[in-house]
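*Asks:* One line per chain: the protein sequences are A and B, in this order. Under this note's numbering, the first residue of the first sequence carries the number 81, and numbering increases by one thereafter. Under this note's numbering, the first residue of the second sequence carries the number 552, and numbering increases by one thereafter.
It is worth saying that the hints were derived from the structure and are not from the lab. Beta carbons are placed, not taken as given, at the ideal position from N, Cα and C, and that holds for glycine. A portion of the hints provided could be inaccurate.
[What the hints assert, rightly or not] Computed list of chain A residues with no C-beta within reach of chain B, every gap over 12 Å:
#, residue
1, K98
2, A110
3, E131
4, T280
5, S283
6, L292
7, A347
8, R367
[Stated by the list, open to error] Ranges between beta-carbon positions, derived for each pair:
#, chain 1, residue 1, chain 2, residue 2, range
9, A, D188, B, G578, 43 to 53 Å
10, B, S688, A, W190, 45 to 55 Å
11, A, S283, B, L617, 18 to 28 Å
12, B, G692, A, L150, 26 to 36 Å
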Amino acid sequence: MSAGSQPALSMRGSLFRKNFITALLLAPAALWLVVFLVLPFVAIAIFSVGERAPEGGYQAALTFAQYANLPARATAFWNTMVLAPAGALACLLVAYPVAYYLALRAPDRWRLILLALIVIPFWTSLLMRTYAWMYILGGRGIPALLAYVGIEDLRLINTPGAVLLGIVYGYLPLMILPIYVSLERLDRRLLEASADLGATPLSTFLGVTLRLSLPGVMTGFSLVMILLLGEYLIPTLLGGGKVFFIGNALVDLFLQSRNWPFGSAIAITLVLVSVVVLTVANRISTRLSGARRVDLI
Amino acid sequence: MRAFVFAAFAFLYLPIALVVLFSFNAGHHASEFTGFSVQWYGKALSNPFLVEALKNSLFIATTSALLAAFCGTAAALGLQRVGARTRALFDALLGAAIVVPGVVIGISTLVALVQLFAVLNPFLASLWPTDQPPRLSLGYGSIIAAHGLFSMALVTMIVGTRLGSLDRNLVEASSDLYATPLTTFRSIVLPQIMPAVIAGFLLAFTFSFDDFIIAFFVAGAQTTLPIYVFASIRRGVTPEINAIATIVLCASVLLVLLAQWQLGRRKPSS
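Starting from the given sequences, assemble the full structure and let the hints guide the process.
*Replies:* As structure tokens, this is what we get:
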């Protein structure tokens with residue numbers, strides 16, 4: 081930048097000092113990332129090829145028995161692998177029109193307020209928001225109201241439907257934001273050009289708008305998918321003991337039955353599935369246009 | 552389409568509104584609103600376990616957010632000064648810290664810390680002069696560290712974005728006028744990135760204050776507010792929980808609005 085304005089004599093000294101300051105600035109973050117992200121991940125990778133000690137916990141070994149045992153939790157995997165994509169898709173179907181309206185149709189003075197109204201729930205306790213639905217779907221909520229009009233014994237809570245609803249409710253903001261970002265950056269002249277060339281509104285939407293917003297759609301979809309793979313609160317509170325996810329299996333294996341090696345194998349599998357989801361989504365969006373960052377606020 | 556968007560906003564806010572409304576319910580039953588009362592707030596705030604959990608959560612959120620704001624800002628500044636490779640490595644790790652599901656962060660931190668303590672505790676005991684050596688265990692420290700991981704990554708991202716849009720001309724003008732790098736930092740860079748640092752701090756606080764799943768694994772014998780609330784919910788829905796939920800929701804909304812206001816603010820007039 082301004083190295084030319086400094087005396088040549090102190091160049092080497094200042095270069096050393098510059099590197100030293102850079103290292104000092106990065107050291108705390110690097111230490112944190114290594115101790116609390118990289119090391120823990122290495123730890124569960126090692127645990128996943130170990131054995132369960134008789135009293136619970138871990139015993140050193142090199143075996144793939146834990147991975148071979150994964151089908152023992154097939155129901156949790158099945159529920160997650162069905163409800164996570166279904167939930168992400170349902171989220172997308174609700175989120176797209178909202179993002180579209182915010183980015184292209186909303187009056188300017190309303191846009192920021194509406195956007196804030198989307199961001200706020202995203203940063204609000206998922207526990208409390210899921211609790212709200214527990215309250216509404218539970219025995220004294222909608223079923224009690226329906227009983228007034230004569231519809232008795234309707235069970236809403238502790239069903240896959242309730243879990244799906246909770247998922248859409250919990251993750252809608254996270255789906256809306258990246259789609260909004262990609263739609264907002266869209267060059268509006270392209271829409272005019274398409275219309276001037278005689279395209280119908282529908283074909284403009286399909287050929288231009290939807291196509292150019294696909295990176296945002298893929299970002300939103302993969303983020304929601306990945307977070308859903310590890311979801312615990314929603315299936316626990318709205319699915320009761322009946323609809324359980326991989327997250328529930330992990331809580332059980334780590335905090336109750338204390339089979340840490342098996343739990344680690346499940347966690348590693350979960351991370352691998354997440355990486356696959358991310359890679360595929362990334363492939364699709366970079367093929368269509370440049371990758372987009374997600375703005376969390 | 553406007554009707555659909557309106558319905559989506561109603562969907563997002565009606566359930567919360569209902570919880571807030573029923574937190575003021577005089578009656579005990581959730582199905583009917585029998586009158587206005589703040590008795591559940593009184594009941595919640597006179598519950599010693601709950602107050603203890605609230606204090607723990609406030610302490611953990613403040614500490615982890617402060618640490619994250621400090622280390623995250625330093626990292627964002629440092630990343631401006633390194634080559635593309637180091638930057639890519641940091642970006643990948645920071646991205647992982649944000650994207651990896653909380654449940655995985657929770658269990659991997661639990662596993663690593665338990666193993667680490669099993670090695671460190673006998674070592675500490677052998678070094679300690681008296682018979683009562685300190686014993687490292689899960690608790691405040693592990694929750695703060697695990698929350699700080701996500702928060703630090705978040706602050707680095709937010710401050711990094713702001714640094715990217717910083718006016719380079721001002722920095723160059725400042726050093727051309729013989730300001731020392733420290734003076735340039737203090738009078739040019741810091742004022743411009745400060746809103747982003749504050750916003751990052753507020754969001755980090757909100758994240759830590761609201762997080763259940765990570766703390767659930769690494770809390771050891773400690774209880775945070777979300778852990779307490781989760782345990783009470785499983786015992787049964789009571790109007791008292793509505794009151795706590797309302798307090799927590801209001802706190803989050805306030806903090807996020809503050810953060811957005813800080814981020815939306817242009818550089819302060821000097």
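*Asks:* Hint by hint, which ones does the structure fall short of?
*Replies:* The structure conflicts with hints 1, 2, 7 and 11, although it agrees with all the remaining ones.
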